[in-house]
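Listed here are the chains, written in short residue letters.
Number of protein chains: 2
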Amino acid sequence: MLHQEALSRRARWAGGEQVITQLMAKALANPKLVSLAAGFTDQQTLPVDPTRKALEILWSDPARALAALQYGTTIGYGPLRELLLQRMCEADGRSAAEMNVSVDQVVVTAGSNVFLFLVADTLLDPGDVVLCGAPSYFVFLGLLANLGVQAVGVETDQQGLIPEAVEEELARRAESGDLHRIKAIYAVSYYDNPSSVTIPAQRRAALVELAKRYSGDHRIRIFEDTAYRELRYWGEDTPSMRSFDRQGDTVVVAGTFSKSFSPGIRVGWGVLPRDLVEPVLSLKGNIDFGSPNFSQYLMHTVLTESLLDDHLERIRASYREKISAMMEAADQFLAPIDGVDWIRPTGGLYVWLRLPEAIDSGLDGPLFDRAVEEGVLYVPGVYCYPSQSRVLPRNMIRLSFGVPSCEEIRYGVEALGRAIRQVV
Amino acid sequence: MLHQEALSRRARWAGGEQVITQLMAKALANPKLVSLAAGFTDQQTLPVDPTRKALEILWSDPARALAALQYGTTIGYGPLRELLLQRMCEADGRSAAEMNVSVDQVVVTAGSNVFLFLVADTLLDPGDVVLCGAPSYFVFLGLLANLGVQAVGVETDQQGLIPEAVEEELARRAESGDLHRIKAIYAVSYYDNPSSVTIPAQRRAALVELAKRYSGDHRIRIFEDTAYRELRYWGEDTPSMRSFDRQGDTVVVAGTFSKSFSPGIRVGWGVLPRDLVEPVLSLKGNIDFGSPNFSQYLMHTVLTESLLDDHLERIRASYREKISAMMEAADQFLAPIDGVDWIRPTGGLYVWLRLPEAIDSGLDGPLFDRAVEEGVLYVPGVYCYPSQSRVLPRNMIRLSFGVPSCEEIRYGVEALGRAIRQVV
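Residue numbers (this note's numbering), protein chains in the order written: chain A, 1 to 424; chain B, 425 to 848.
Be a bit skeptical, because a hint or two may be false.
[To be verified] So these bits of chain A aren't anywhere near chain B, every CB distance computed over 10 Å:
#1 GLY72
#2 PRO79
#3 GLU82
#4 ALA91
#5 VAL103
#6 ASP157
#7 GLU167
#8 ARG173
#9 ASP217
#10 ARG219
#11 GLN247
#12 ILE265
#13 GLY285
#14 TRP352
#15 TYR383
#16 SER405
[Claimed, not checked] FRET-style restraints, in silico, Cβ to Cβ:
#17 A:GLU56 x B:GLY572: 43 to 53 Å
#18 B:PRO790 x A:SER387: 51 to 61 Å
#19 B:PRO503 x A:ARG64: 54 to 64 Å
#20 A:ALA63 x B:GLU522: 44 to 54 Å
[Claimed, not checked] Here are some chain A residues pointing at chain B (derived, C-beta under 10 Å):
#21 LEU55
#22 VAL114
#23 ALA120
#24 LEU123
#25 ALA145
#26 PRO163
#27 ILE337
Derived from the structure by calculation, the hints contain no laboratory data.
Values in this document were obtained by computation on a predicted structure and should not be read as measured data.
C-beta atoms are modelled at their ideal positions from N, C-alpha and C, and glycine is treated no differently.
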């Protein structure tokens, strides 16, 4: 219908249908399907009452209600940005001065994905390289594809990105003379999507040091995606990668209320190195002419009324039950199958599962249709690997426990066990 | 501080500070300043009560409240898209079948600027050409600059884009062999920003016909920006340019609730030709992973509860008073000055004013600082001209009557008159 040449290069790079769209089309084959695929938040624990309360409080002050309905600024609502910065500093146990950061570096967007896009669009040209874990968050990989940027996969383990593997890639590029193409390292630093692992403090320090040491005429930035930081169910919090960047010139932090509060309200944010504030805002103003102001006032009220932390307690308890249900079902239905194992998550929304090596978990492999027939939908792991990845295992799958109930989780994992046994 | 080479080409194309930022910095010089610069909507008539009512109704249905807080789809909330399409068809007095359009072609975004960006990013490569009126909406010109696209200015008059001037440009390009670089024609078809003119039906038909006739291997699209359609104070509505595109393959319509209801809620939309739906959504999913769902549910409720049309009556009455105040003040304080004239608006938010030819109205010219001293801020017309424009008059200014009160408008226009007299 449409000549591909009629599209921009960027649109062609963006490729065709999204993975999720394809999965959904497949899912229609079985209406009784349990989806362990979508990384959505739990529908049942969405903050209906806290939001109502915040709206009532916001609307009780006519001047604030008016301001919320008017245009905001490109950078976002000041008092909200103050609180966001304060929360980050508190979580990291450092003052803003110690973090070498000020509120002028905090930008609000309609979801953190938009923030990551703006930063990427500001820094990356076609042909540039971003080092990503293998595996990585697939929507970010899609975003890089849009920009004609090469996503180069770096080895990971149960502690996320391996600094030695990152250094190996940096050193090789330095030797071959194209280090200058490496513009950034991307990591979901807490409860990664899809692998669920959190990068420990020592590795964070090492990665920041590497980025600085290999920075030449241009800086190598670290894009630290903290989307799941608040979804911690067991164990201690870890200081952000940003807290290891004393000069504040290397790490770009992205955060969001989509996981911790509500994806429908859709407020994300980011903390920029000083030198990127002006170019990112210049681009942002032309693209969105300001993010929704109303939702920023709403989230500001949620924070000032202490409605977020109460809600977080509630959803952590709920997700803790769900992940426990998934682990219990996996122990019962999957562990007995030779060659199946997984990382036990302590936070986030995902379980990253390894199947026997011979099994191709992809949409065109034998397992996927069998799983749908048995009643369960998953994300084939292959979509989570950067386009340039030395490893590309076909036997990984991502399960999510965010949306389904404990019963559905149990049903889905059991169905998956049946499907795997049929193709082993 | 930052090496320009460290930025992407797009960021460099985006250029430095935004016009508005520069204006605001200048404005700080006089705190008693009346701003006739910002194109914002009137703060006093923002829909505090209708929004409260819609929120109460939305929150009275727990299932809908939950859904509003969850992720939506990339294309946007279905029932809202249905209503948007219905409203467009009703305004144009045609059925969807006659318009050759279906709801699958309607996309919702966080403001129509984002929609225009997504379409532009889908269709335009660096070096491509978009024909724009001279003058044109400056944020859209900035967006084209981001993309490395050439904005070529075409002559306009009191009826907007002149079809003969558009054809001349098309014919010249056809002759020189680079017609293929012209990818689109951009027009704010109702109460233009900044010129306030509405393109009459006959010209709309002629422009659509031209775009089709000169379309070769690729289509020349018309980007029809209808942001101000609802802000009609006198006279009849005009059918959209889209209604003259019987095949529906040429005109891309962008619309928004930012002017008609609330810019803070920030819901925009667009209607795409069929062949652009999939590529635009593919890009959109990677960039924003869905627009805010909550605001879409809110605007859907505003529409189903008939809260928009009542509100529109109210703001039309208020803006009618404001534009009358501005015209009265202009007749009194500006008309007597030789060489000053303007187009009398029948809708929208702007007055496009011509000064004596010798006066440079730019930030570095003699008038601007004088006007600030006298107590009024305006937008220098020079920012509203495409980068490649055969005409680039320095003596135009844009005034807006959206935000100030009638008293402030009178004060501001009188101050402007004093400033002009000092530099004549």
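Hint by hint, here is what the structure shows:
no., hint, result
1, GLY72, "violated (7 Å)"
2, PRO79, "holds (15 Å)"
3, GLU82, "holds (19 Å)"
4, ALA91, "holds (24 Å)"
5, VAL103, "holds (17 Å)"
6, ASP157, "holds (28 Å)"
7, GLU167, "holds (22 Å)"
8, ARG173, "holds (17 Å)"
9, ASP217, "violated (7 Å)"
10, ARG219, "violated (7 Å)"
11, GLN247, "holds (13 Å)"
12, ILE265, "violated (5 Å)"
13, GLY285, "violated (5 Å)"
14, TRP352, "holds (20 Å)"
15, TYR383, "holds (13 Å)"
16, SER405, "holds (14 Å)"
17, A:GLU56 x B:GLY572: 43 to 53 Å, "holds (48 Å)"
18, B:PRO790 x A:SER387: 51 to 61 Å, "holds (56 Å)"
19, B:PRO503 x A:ARG64: 54 to 64 Å, "violated (29 Å)"
20, A:ALA63 x B:GLU522: 44 to 54 Å, "holds (47 Å)"
21, LEU55, "holds (6 Å)"
22, VAL114, "holds (5 Å)"
23, ALA120, "holds (8 Å)"
24, LEU123, "holds (6 Å)"
25, ALA145, "holds (7 Å)"
26, PRO163, "violated (24 Å)"
27, ILE337, "violated (32 Å)"
In this structure, the hints that do not hold are numbers 1, 9, 10, 12, 13, 19, 26 and 27, in rising order.
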